[in-house]
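K.L.:
Chain by chain, the residues run as shown.
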Amino acid sequence: MRLRAIFQPDQREFVTMALTEHLARLKEIEAQAQADFTNAPGTKELYDQKVRYFGKQGSFSELMRVMGKLGPEDKPTFGKEVNETKQRLEALYNQQESQLKSQEMATRLAQEALDLSLPGPERSQGSRHPISLVINEVISILSRIGYSVRLGPQIEGDWFNFEALNIPPDHPSRDLQDTFYVDDHHVLRTHTSPVQIHTLLNEIPPLRVLAPGSVFRCDSDVSHSPNFHQIEGMLVDRKVSMADLKGTLSYFVKELFGSSLKVRFRPSFFPFTEPSAEFDCSCPICQGKGCRMCKHSGWVEIGGCGLINPKVLMQAGLDPLEWQGLAFGFGIERMAIIKYGVQDIRLFNENDLRFLRQFE
Amino acid sequence: MKISLKWLQDYVDVADFLAQPEPLAEKLTAAGIEVEGIERPGQAFASVVVGHIKVKDRHPDADKLTLCQVDVGSGGLQQIVCGASNHQQGDKVVVALPGAVLPGDFKIKVSKIRGVESRGMLCSASELGLSEGETAEAAKGIVILPPQAPVGESFARYRELDDVIFELSVTPNRADCLSHLGLAREIGSLSERPVRVPEPQFSATGAPTQDLVAVEVLNAQLCPRYAGRVIRGVKVGPSPDWLKGRLELLGLNSINNVVDVTNFVMMELGQPLHAFDVARLAGPKILVGEAKKGEKFTTLDKTEIVLKGGELVIRDEERPVALAGVVGGLNSGVTDQSQDLFIESAHFIPESVRRTSRQYGIETDSAYRFSRGTDPEMVELALNRACELIQKLAGGEVAEVYVDHYPSPLIREAVAVHVDLVSQKLGYPVEAQEFAQMMTRLGCRVEPLVTSQSEAFALVAPVYRWDLFQPVDFIEEFARLKGYDQIPESFPPLEHKPSPHAREYLMQETLSELVRAQGYSQAVNYGFIGSEWSADFLQNPEVLPAWGLEGAAEPVKVLNPLNVELDVMRLSLLPGLYKNILHNFRHSVEWGRLFELGSVFQAKVPEPGKPAPAGSTEASGPSVGHWEYVERSRLSMVAWGQSETLWHKKVSWPVVYDLKAAIESLLLRLRLGGFHWRTAEEMKAQGQGVPGFLHPGKSAALILEGRPVGFVGSLHPLLLEREKLRADVSVAELDVESLMRGQPRALKLKSLSPYPAVERDLTFVVPHSVPANRLFAEIKKASGPLLQSVQVVDQFTGGDLPAGTRALSYRMKLQDSQATLSEETLQKVQSQIIELVKKKHSISVR
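Quick mapping for you: the protein sequence lines, in order, are chains X and W. Residues 1 to 360, numbered by my numbering, are exactly what the first sequence covers, in order. Residues 1 to 846, numbered by my numbering, are exactly what the second sequence covers, in order.
Keep in mind that the hints were calculated from the coordinates and are not lab data. Remember, predicted model here, so these are calculated numbers, not experimental data. Mixed in with the good hints there might be a few duds.
Unchecked claim - Covered stretches of chain X (in silico footprint by chain W; criterion: 3 or more residues with CB under 8 Å from a CB of chain W, positions within the stretch not fixed):
hint	stretch
1	242 to 252
2	303 to 315
3	338 to 352
Note that the Cβ used here is the ideal one computed from N, Cα and C, for glycine as well.
With the hints as extra help, turn the sequences into a complete structure.
P.N.:
Right, dumping it as structure tokens:
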């Protein structure tokens, strides 16, 4: 407390001091303050010094009191000196403060630095199963041209799964589908086609519907699973042609795989369509140049299609002279294999998260 | 089905495709007769030729080897060392020259054998990969060819192996293409080439068939045509090489000249035949009728079956001698001693043959053709063709007259087809004349019809095309012949409002999205599962309905499962998901979150007079009375382990709370506020059983708007121990329909209070037997509309707390919409809460 030593609270002594002495003391105070400001290690200490010199109890308040006691001849000189000193010190203070502030900020920033190569807490979304991804994409493409989703039971009456679709008992067409039975009259549906029948029985045409779902066939090998997925589309209207079918599937394939692809029809046989066709599209992997996916043919088989057999319309209570329809269907797993390059069908049902997470 | 191009050449000219078969294959495939594969059997015999042993010496340095000088037609002799001993000087043999590659990737090179150069190899049947040779020993000996074999000719050509074999995939409607003549007809109509039908020539001088074998057809419905002819005095023996060769190329084994002829005619004309040994027929009599229940029958390949009765059989006076159209009997077939034969050529209806074939699991080439539909008009030609060939190869006297029961010959009715309909259905203009031409090419009888509106034709399809009987069938044929590539692309206009998607689909989509947002990835499992696995997991499924999951205790059985691991329909999604957890865990995925949205299945015996439950299927449209099945949509979620990242390690909590939190945020997103959890302890107190797979102290039912709709819980430690699964595993299953009742729920916006909210904490000492959420009711009741939220913010056990209790801190957020809450009001609420809780649960405040 050197200042206290300089300004002892003995007023009388002050008063007796000459102006020069006061000025000398002012110099001393300034020198001391300069030293204190310069030496302050941080903004907090600097501020403490500021209070010490400029605060209510500070040196300059004392000086102002001294001035009050000076004679009128000395006041202007002393006042001027005090003010100038104060301004110099304040400038010094501001300079010191901003310097210390930036130093302190630099220190703080250095201390607060985080290793942002470290991960944040996991907050991942779950992923959709590839089968569901494909189904959804197909639905979104065909919804845009007026198709809406219908679902049907997986344990299906024999009549819905076969007879109504023009597959009579003991008919060779039954050879096309190896069937699981749960009793003499119920099967695990072998295709999504019975949904067509439910829809035709329950709704009034014109109709555009899509039936995705799980289907069952009792053959199983490295490329066939006994429970897989299909999606089937059906359009019923007054007049429907093979050209309508080709145009619809061409739109669909281009939306799903890419605009440069073409659709090809090959004659085939399905009991529920006549004419029937298999539809292929130019291989989306090699763009038709030939690769492993398309067995170097440039074409990949997508599914089956055709105009709804008049017999099916009749079974469902529609007059085939009044109504016509088209239908198409394909396997979802196969689409996922083509679209995502899934190598092994077991991956679809193992539900290995290392596989599923890749579809996030 | 295999087709030989050289054989096909007998009926239609395909010689131009022998060197380059691909264009023909493409043409057939484009017409719907898919060529799945093309084989060139002769390729294996490049540089294999017919040779003539001019000189046979001993090898100078080896007693067991011979040194032959062989003429292979190239001028000069080839010196060949040979290890076999059955060849003689002057024999015609098969020589593999240097450069040949025999089956098994056996490469022939010029080599030195015991110091003597050998420029090729004399081949045995086994080295050539041929099946001839009665015994293994004979197969090892050098093949000795007949003396007339032309020296230097390629062995492939000599044996007619320079052929092309098509592997066809014939759709079930095209039974007419299951023969060489049938495919020739198809090629004929596709490429406008004439088709040659065989015209059998033989002498028929024997006594009439009916004098030797009495034939009677008892069931003409299942057997519309039955013909047969006797040949007496045949000599059964081996078939000539040409016949063996043709059958072998199609993958058929040669048996003897008679059986080979029946097979040959089947492959040629598509008509299966059967030869009976007349001496072995009791009577001798042939009866075509239904089997009696319990009759025994042994097939040609010695399979014994007991007949169920009603199958169509051929019988003699005493017993069945053949399953009609499927397989002949061991008791009456041709043997080496047979002399008098009865050749059967018949038309059985497809359904009957297919039923018998499937019933006994007997699949033969004959059953395959009959069950797809043979041509009744082919019966006579096939019979005569067989007689011609048998007489030629085995001698014998053919009966002057044959029997032919064909009481009502099949008549194809005319179908009227309007050309306008053809154009409309195909989407491109079709000329009447072209349409008529194409139909004629198909073999149809075409007559123009006089109609007022448009051009039309009356079409009669050939008998062998049983698949053509509706106008659309002919339209497809036209499109096929014209080429499907002619069909243009058009876009059907949308002239009506699209309908909404099925509600169930939308529900599943909503749930899937919400659950994925909680970090759960979607799993898809089979609809069926192993009964044992399922039962071991579920243990007591009968308790599940009380937990909100309707269903039966017994799963629906699959009658013909692939294996025991897929023998019942699932009752719950959890046994399948548990398998997925084990798979993941065993592949070092030590923590994970999965969900599945799928169906579970239940059988219901219908109650008479009651309408079918929603989602059930009846066997056939309007009729009732069979089993009914109910499918319910479920959402299951499983969670195992915790993410051990940098941050999660610092705080860890039981996984079941993770799962519970995920479900709660799902419920809130569905705007379902009225739910609470009822612990297993409370369920037990109400007399309900706890699912055996759940930890009874770590599980709770979800009560939504007063009804149970599913559960959450940790797996029972016994299950985890059984699978040595060292992870904290929690599971949940919820009934989708219950969750989605009334969805989407309307949003009820609350007005915001401008006055400050106040938080108050109260800590109670609660016995372990009282679930924390029990106190919510009193807190809500006491605070009334002021309560904005209440939650448990701390729990503490031990210290000076009495045993069996814990301290639970509840944080209430209170706010008034009309005024700033006064300390007075707050005090009042607080003491009301304390009073109510005390009164209800005898619980003290801490």
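K.L.:
Determine for every hint whether it applies to the structure shown.
P.N.:
Results of checking the hints against the structure:
no.	hint	result
1	242 to 252	holds (count 8)
2	303 to 315	holds (count 4)
3	338 to 352	holds (count 5)
Every hint, counting from the list given before, is met by this structure.
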